[in-house]
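> Here is what each chain is made of, one letter per residue.
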Amino acid sequence: MARSDVIFRAGRWNELPRHIILVVFSHLPLRDRFSASLACKLWSSCFNSPVLWKEIIFRLEKAEDAQRCLVSVDKYGGILRNLRIDLNPKDSINCTNASRVLTNLARCKERSLERVSINFTEGNPLFFRGVDILCSLAELFGPPDPKIRFSSFLKVLDLSEMAIAFDDKLINLLSGNHQHLEVMNMQNKSLTCRVTPECMEVFVRKCRKLKVLITFYKCLSEQVLFAMTETGREPMQFLSVLCKMEEKYHRGITNEAWSVIGCKLPDLKVAIHFDYTTDRDQIRKILLPMIPLAELDIRSLSDVHQEVHLAGKYYHNSLESVTISTTHSDQLEESFVYLAAHSTKLRMLHSFCGLHKSTIQSIREFRPELQKYTLQENDTEDCSLPLIFQGRFAQVERMKELGMYG
Amino acid sequence: MPKIKLQSSDGEVFNIEVDVAKQSITIRTMLEDLGMDEDDDEAIPLPNVNSAILGKVLNWCQFHKDDPAPPEDEETTEKRTDDLCGFDIDFLKVDQGTLFELILAANYLDIKGLLDASCKTVANMIKGKTPEEIRKTFNIKNDFTPAEEEQVRKENSWCEEK
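If you read the sequences in order, they're chains A and B. Adding 275 to a residue's 1-based position in the first sequence gives its number in our numbering. Adding 192 to a residue's 1-based position in the second sequence gives its number in our numbering.
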């Protein structure tokens with residue numbers, strides 16, 4: 276056989292093995308899959324293969340998007356494993372459509388859902404309570420129609436970008452019906468969270484495979500932590516909490532309790548975030564020495580240099596990531612250097628006010644292994660208030676590390 | 193560096209480092225099953241791949257021999273097609289007949305990295321085209337009757353972004 280015949284022979288693309296066509300299709304967005312499905316009969320038959328519909332991202336930006344999403348649910352709801360809904364809540368029609376998608380999914384004869392995440396692509400309009408979305412989520416997570424054969428495969432629930440305040444009702448439905456949950460992220464941007472520690476305790480007890488919990492400090496109690504140490508359950512790997520001013524009236528967790536947790540769960544890493552509403556007293560009450568703290572994030576309008584120093588003192592054996600947004604002072608610079616010098620595991624350090632060149636140099640010398648950092652020089656005397664930081668680097672990095680992201 | 197011999201369908205023998213050849217799961221399995229010694233002078237026959245294509249495949253394997261093992265098929269969000277390395281992009285700038293043969297070879301030899309890269313290339317060739325343009329690019333005969341084609345179009349039209 277002459278080489279030339281072989282090289283220039285045209286391929287018989289409509290005889291390609293199915294599983295290869297499926298790999299090609301899996302790289303195509305919907306619109307191109309549609310065009311490809313019309314090329315020939317073989318390619319068309321691949322279009323409906325369940326393999327391609329295990330993961331769907333529903334984008335709801337305008338009213339017309341609904342139809343496409345609802346048809347997808349009708350056809351593939353039963354085999355869908357990864358569900359992501361991105362919606363723009365500014366237009367109420369998108370919220371209504373998101374509810375319809377969730378409700379239709381809840382009514383599918385079969386369920387294969389393993390991962391669910393709902394993301395608001397923009398900020399909420401005024402007076403938005405998201406009642407319809409909460410209702411359809413309740414239907415999705417609630418016990419199904421007795422006629423439907425149902426066992427939950429739900430492993431990951433990420434509602435961090437869904438800025439709706441939820442309460443015990445939703446969590447109780449999860450505790451009752453989705454005990455295989457491994458990752459729960461409820462730390463969203465809503466102004467308040469009405470989930471009680473008692474409800475959280477039941478949730479942790481029932482979901483014995485839970486290894487990542489991202490929530491609010493006010494939802495925790497010592498009982499919740501002790502529930503994590505029960506024998507025979509999957510050990511908790513990552514616990515992240517956001518502290519807000521309302522924590523003032525919260526019972527809090529004692530140093531002794533943290534000590535017990537640290538002993539019983541030696542691999543546990545804790546992340547604590549303080550937002551701008553917290554004050555220094557509160558920070559000091561919460562930051563106790565026995566916390567196995569891996570991540571610290573403080574946003575404050577007052578001067579927290581003492582708290583930064585404290586963190587270096589208490590957590591130098593465990594700290595991996597530190598993000599501080601506060602007013603500038605020379606003592607803050609000293610605290611940063613102290614923190615960097617002693618925290619051998621530190622890999623991320625973000626300071627939102629500028630620092631002196633010498634401080635930055637010292638930090639880099641002490642911690643050459645720093646992977647991600649924001650350490651900018653400050654030339655001017657007057658240090659303007661730090662920019663409000665959007666997004667959560669540390670959390671995303673952590674989730675990637677645990678294989679839970681994307 | 194131990195080497196083995198591979199023989200293409202048209203009789204050409206390639207002498208190649210074991211590490212390079214083992215990127216093909218098929219070859220790796222054959223070596224284990226046949227209990228072959230690195231000193232063996234026997235060539236492994238590959239009746240499904242001709243010399244031109246086998247040569248190219250081995251060239252790819254040589255370049256990628258130090259790559260980390262590809263991850264187990266994870267459910268990833270919206271698979272990307274724009275992350276091919278420079279070598280792969282150039283390597284796959286071939287006529288579609290050769291591309292077709294490379295895909296079949298990568299499939300037969302079970303070389304995930306090459307199969308993935310070629311499928312991404314094909315996907316890139318499909319993106320943005322109408323069905324008729326796709327048929328032209330890939331020399332596909334339209335085996336639909338007009339009625340059948342209309343039926344499929346209607347059934348799947350919900351995908352079309354308005």
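One thing to keep in mind: the hints can contain errors.
Claimed, not checked - Quick list of simulated restraints, FRET-style, between CB atoms:
| id | chain 1 | residue 1 | chain 2 | residue 2 | range |
| --- | --- | --- | --- | --- | --- |
| 1 | B | E209 | A | R287 | 27 to 35 angstroms |
| 2 | A | E509 | B | R272 | 31 to 39 angstroms |
| 3 | A | I332 | B | E324 | 26 to 34 angstroms |
| 4 | B | G203 | A | K484 | 36 to 44 angstroms |
| 5 | A | N323 | B | Q288 | 20 to 28 angstroms |
| 6 | B | R272 | A | L317 | 23 to 31 angstroms |
Stated by the list, open to error - To spell it out: a stretch of chain B is covered by chain A in this simulated footprint if at least three of its residues, at any positions, have a beta carbon under 8 angstroms from a beta carbon of chain A; those stretches are:
| id | segment |
| --- | --- |
| 7 | 246-259 |
| 8 | 301-311 |
| 9 | 314-323 |
| 10 | 344-352 |
Unchecked claim - Cross-link-like lysine to aspartate or glutamate pairs, in silico, DMTMM-like; alpha carbons within 20 angstroms at most:
| id | chain 1 | residue 1 | chain 2 | residue 2 |
| --- | --- | --- | --- | --- |
| 11 | A | K316 | B | E340 |
| 12 | B | K346 | A | D542 |
| 13 | B | K304 | B | D275 |
| 14 | A | K316 | B | D335 |
Derived by calculation from the structure, the hints in this document are not laboratory data. Yeah, the Cβ is synthetic: ideal placement off N, Cα and C, and Gly gets one too.
> All hints, please: hold or fail.
Taking the hints in turn, this is what the structure says about them:
For E209 of chain B paired with R287 of chain A, a C-beta distance near 33 angstroms keeps the hint of 27 to 35 angstroms intact. At about 32 angstroms, the CB distance of E509 of chain A to R272 of chain B agrees with the hint of 31 to 39 angstroms. The hinted range of 26 to 34 angstroms is satisfied by I332 of chain A and E324 of chain B, whose Cβ atoms lie roughly 29 angstroms apart. Take G203 of chain B and K484 of chain A: their Cβ atoms lie about 57 angstroms apart, and the range 36 to 44 angstroms is violated.
For the pair N323 of chain A and Q288 of chain B, the supplied restraint of 20 to 28 angstroms holds, since their beta-carbon distance comes to about 26 angstroms. In this structure the supplied range 23 to 31 angstroms holds for R272 of chain B paired with L317 of chain A, their Cβ-Cβ distance being about 25 angstroms. Using a Cβ-Cβ cut-off of 8 angstroms, 0 residues of the segment 246-259 of chain B lie near chain A, which falls short of the minimum of three, so the contact claim is violated. For the segment 301-311 of chain B, the stated coverage by chain A holds: 3 residues have a C-beta nearer than 8 angstroms to a C-beta of that chain, and at least 3 were required.
Three residues within the 8 angstroms Cβ limit are the bar, and the segment 314-323 of chain B against chain A gives 8, so the coverage statement holds. With 7 residues having a Cβ less than 8 angstroms from any Cβ of chain A, the segment 344-352 of chain B passes the three-residue criterion, so the hint holds. Proposed proximity of K316 of chain A and E340 of chain B is supported: the alpha carbons are some 9 angstroms apart, at most 20 angstroms. Straight-line distance between C-alpha atoms of K346 of chain B and D542 of chain A comes to about 55 angstroms, which puts the hinted pair past the 20 angstroms bound.
For a cut-off of 20 angstroms, the pair hint linking K304 of chain B to D275 of chain B stands: about 15 angstroms separates their Cα positions. Proximity of K316 of chain A to D335 of chain B is assessed by CA-CA distance (about 6 angstroms); at most 20 angstroms being required, the pair is judged to hold.
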